[in-house]
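Student: Read off the chains here:
Number of protein chains: 2
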Amino acid sequence: MEHTRIKEILRNEEFVGKEVIVKGWVRTFRNNQFVAINDGSTLNNIQAVVDFENTDEKLLKRITTGASIRVKGQVIESLGKGQSVEIKVSDVSILGDSDPEKFPLQPKKHSLEFLREIAHLRFRTGTFNAIFKVRHALAFAVHQFFNERDFVYLHTPIITGSDAEGAGEMFRVTTLDFDNTPRTESGAVDFKEDFFGKSTNLTVSGQLEGELGAMALGNIYTFGPTFRAENSNTTRHLAEFWMIEPEMAFYELEDNMDLAEDLLKYVIKYVLETCPDEIEFLKNRLLEEEKNKPANERSEMNLLEKLTFVINNEFERVTYTDAIEILKRSKPNQKKQFKYSIDEWGADLQSEHERYLVEKHFKKPVILTDYPAEIKSFYMKQNDIDANGHKTVRAMDILFPGIGEMVGGSQREENLDKLLARMAEVGIEAEEIDWFLDTRRFGTAPHSGFGVGFERLILFVTGMTNIRDVIPFPRYPKNAEF
Amino acid sequence: MEHTRIKEILRNEEFVGKEVIVKGWVRTFRNNQFVAINDGSTLNNIQAVVDFENTDEKLLKRITTGASIRVKGQVIESLGKGQSVEIKVSDVSILGDSDPEKFPLQPKKHSLEFLREIAHLRFRTGTFNAIFKVRHALAFAVHQFFNERDFVYLHTPIITGSDAEGAGEMFRVTTLDFDNTPRTESGAVDFKEDFFGKSTNLTVSGQLEGELGAMALGNIYTFGPTFRAENSNTTRHLAEFWMIEPEMAFYELEDNMDLAEDLLKYVIKYVLETCPDEIEFLKNRLLEEEKNKPANERSEMNLLEKLTFVINNEFERVTYTDAIEILKRSKPNQKKQFKYSIDEWGADLQSEHERYLVEKHFKKPVILTDYPAEIKSFYMKQNDIDANGHKTVRAMDILFPGIGEMVGGSQREENLDKLLARMAEVGIEAEEIDWFLDTRRFGTAPHSGFGVGFERLILFVTGMTNIRDVIPFPRYPKNAEF
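Here the protein sequences line up with chains A and B, keeping their order. 1 is the number of the first residue of the first sequence in our numbering; add one for each residue after it. 1 is the number of the first residue of the second sequence in our numbering; add one for each residue after it.
Because the hints were derived from the structure by calculation, they are not lab data.
Label pairs and their computed distance ranges (CB to CB):
| # | chain 1 | residue 1 | chain 2 | residue 2 | range |
| --- | --- | --- | --- | --- | --- |
| 1 | A | 289 | B | 465 | 50 to 60 Å |
| 2 | A | 104 | B | 421 | 20 to 30 Å |
| 3 | B | 465 | A | 389 | 55 to 65 Å |
| 4 | A | 169 | B | 187 | 20 to 30 Å |
Where chain A lies over chain B, by a calculated footprint (3+ residues, C-beta under 8 Å):
| # | stretch |
| --- | --- |
| 5 | 35 to 47 |
| 6 | 174 to 183 |
| 7 | 241 to 255 |
Computed footprint of chain A on chain B; a stretch qualifies when at least three of its residues, placed anywhere within it, have a C-beta under 8 Å from a C-beta of chain A:
| # | stretch |
| --- | --- |
| 8 | 1 to 12 |
| 9 | 66 to 74 |
| 10 | 195 to 202 |
| 11 | 437 to 450 |
For clarity, every value in this text was computed on a predicted model and none was experimentally measured. Here a beta-carbon is modelled for each residue, glycine too, at the ideal position from N, C-alpha and C.
Take the sequences, apply the hints, and build the full model.
Tutor: Laid out in structure tokens, this is it:
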């Protein structure tokens with residue numbers, strides 16, 4: 001390896017005075033002399049100063065935005081503004097040209113919409129360099145958090161024959177042919193002839209399999225892709241996204257909340273410590289973007305303040321029942337400003353209600369617990385019926401400002417009979433998930449878990465607002481480019 | 001959290017004399033007195049000694065294999081063989097029963113075949129506890145290796161509209177209905193009506209998208225699920241498996257080999273350091289298994305020796321051309337013992353040839369380079385035609401004893417014209433991967449990458465021989481259980 005990465009040169013003063021070789025892409029070339037080079041290792045460019053009077057003119061003409069070049073030279077302290085060191089070039093060569101007539105990423109401001117269309121090139125911008133560095137840091141922090149706590153990273157299956165989780169519409173996975181579909185005698189599609197000998201889908205959640213792991217290995221987590229075939233063309237939904245799902249034997253709801261809060265604080269703290277340049281860049285990007293908004297729509301805190309606030313404050317823990325009371329009495333409810341008015345216990349909370357609780361009432365992340373059983377999944381632990389006759393479950397959702405639900409989890413129903421009764425109510429056949437029920441048949445125990453939508457976490461930490469901008473190649477209705 | 005994990009108690013002498021609460025599953029219960037409890041945190045059990053004379057007989061009867069229990073008691077030094085500490089129980093309660101007539105995992109030796117059928121319960125055995133702890137450690141080590149080197153973890157898409165990589169048969173992903181399939185006027189399936197507006201599949205490799213990342217962010221890696229719809233019912237193939245694929249801008253073949261060798265040694269070393277109990281257990285398991293084999297089929301080295309050998313020795317780097325000469329002159333070739341005789345340059349190497357080179361000739365991991373272009377992928381960098389008129393590419397495969405190909409990689413062809421010419425030869429339409437070609441149009445540069453089959457790595461490190469035993473829920477033809 002003959003070259004040195006720009007990040008190394010910029011962070012290590014020992015390079016001053018030394019000769020280095022740098023390879024990277026030209027971001028700008030000014031005055032036939034100053035080349036800003038970026039090699040991806042950092043969002044910061046290094047300035048290379050070319051001795052243009054002694055360099056072949058033809059070669060100088062090939063130093064265009066997007067071209068990849070190799071420069072050799074001495075690292076010297078810089079007199080220019082905005083950089084501490086620069087390279088005094090003794091030799092420059094072109095590795096790959098970039099036709100300025102054709103290269104779409106000329107040095108000017110591009111809209112996020114435009115960059116989404118060239119997702120394969122947007123990594124070459126400062127914004128996306130920063131976003132994907134933060135995404136990396138968050139992913140690594142997740143693994144480190146769980147590894148430090150002796151959790152086992154469990155790769156639950158992506159292709160699944162089960163659809164009991166019921167979290168949403170599913171994609172079919174098949175090798176059957178639409179033109180010569182095998183049929184049973186009754187004329188139905190014969191999935192016995194399909195690759196797996198039955199109908200299979202892409203997973204919507206690794207939770208059920210995760211529980212199998214937890215009820216043997218103790219504490220496990222998944223971190224993998226999950227899928228929803230929902231026709232949602234919004235800034236908040238993807239057809240393919242990554243989810244983190246820990247499951248813990250012997251954890252009750254309180255332990256579950258503690259772990260989730262610790263996890264979120266840990267990973268945000270990790271990003272603040274390891275990505276200060278990226279957060280500074282993204283903070284300024286957001287300030288710039290919000291300049292165009294009316295004052296009352298701008299964030300009260302800047303990105304750095306918001307992240308610091310989250311790690312320094314305890315999340316508010318409130319029961320659904322208490323939250324309903326707060327909402328009922330709230331100004332927007334009294335003044336009929338909510339689109340969905342909150343009149344009685346049992347209502348499913350809409351985004352407007354969650355935002356009110358988090359952004360207006362508590363002004364911090366909120367953990368809502370003990371939701372009505374009716375609006376939650378079958379596998380959640382049932383509370384005793386309360387004095388008002390309300391049936392609730394040991395659910396917990398963590399709501400974040402600007403994001404809404406960041407985490408959804410619960411203590412799990414470990415009692416086989418109660419679980420079967422609830423399954424019957426919602427129409428899930430016991431045979432379908434007989435293997436899952438074995439955890440309750442053989443040595444059942446209290447246990448809990450939750451899921452974190454990884455892209456929502458990245459949205460919060462980067463201050464971006466469209467989920468398609470925080471995953472390398474977003475998949476959504478009518479789009480599977482690259 | 002009122003309980004302490006068994007791993008903590010066993011590794012920390014400070015617990016001696018202290019009172020603890022332990023929750024876990026009963027592995028065995030001897031003499032109405034000695035309960036071996038496992039909570040998954042370690043493959044080792046802790047012994048709890050029950051004061052049976054002062055414990056309710058009905059309760060004692062419920063302490064059966066597989067039941068989950070809570071015990072409270074004092075940690076004391078153990079006089080028994082095989083453990084340093086045990087718990088003198090003052091209180092025991094049952095969290096979940098396990099009917100001994102029905103629980104399939106009674107304390108006796110079970111075959112791996114049987115355990116595969118109850119994959120949802122096999123995590124509760126020592127063997128699978130060890131395997132999945134090692135799997136976790138390897139996964140974490142992979143992330144740590146790349147994080148330390150400032151690589152970006154890039155989540156390349158799972159659902160893809162491209163099939164240019166051509167690594168194998170693909171699974172279709174669709175929301176179309178077999179019964180009411182939309183058709184174009186000509187009668188073909190109208191994939192414009194499918195969820196993504198075109199025909200989509202599960203990815204076979206993240207490489208092409210990985211290259212897009214590398215040509216902007218510098219060094220990236222993927223670590224995610226990949227899929228092959230091949231009807232291979234073998235101990236070496238899965239329909240769904242995990243792959244690690246780094247791509248590095250400005251890396252040439254030598255750099256690529258160095259990185260791959262460093263990675264493999266790093267992760268094996270990490271396992272030896274962090275999982276000594278698991279490796280010891282798996283070593284003994286393998287010795288036990290091999291006792292039944294004829295002496296000449298047994299491993300020359302035990303598992304620990306084999307792993308230590310790999311991290312302490314340089315991999316042998318040999319060109320394909322030299323390897324062919326070695327094979328031609330080899331005893332098994334001369335004596336016609338190879339099923340596929342090696343007669344001339346150009347032959348694709350079979351498993352028997354790879355094994356000969358690795359296990360008999362060099363007796364260590366081998367990196368084979370510069371394969372014939374004909375038998376390798378279109379995107380590999382073309383060498384100049386050699387004196388014998390041979391066309392080769394800058395490929396490298398790393399071959400491991402007992403495993404065969406552990407890593408496949410290459411320097412990539414960065415020259416647009418050469419790449420297009422090769423694509424035309426093998427029949428890949430440029431339009432199909434126009435986005436990929438942009439990396440060669442705008443600032444192309446030398447770059448390299450490779451792929452590691454994660455389950456093959458786990459096979460090697462655990463000494464297991466069936467790939468279905470090193471992934472939680474294996475997917476293969478006619479099987480997508482759990």
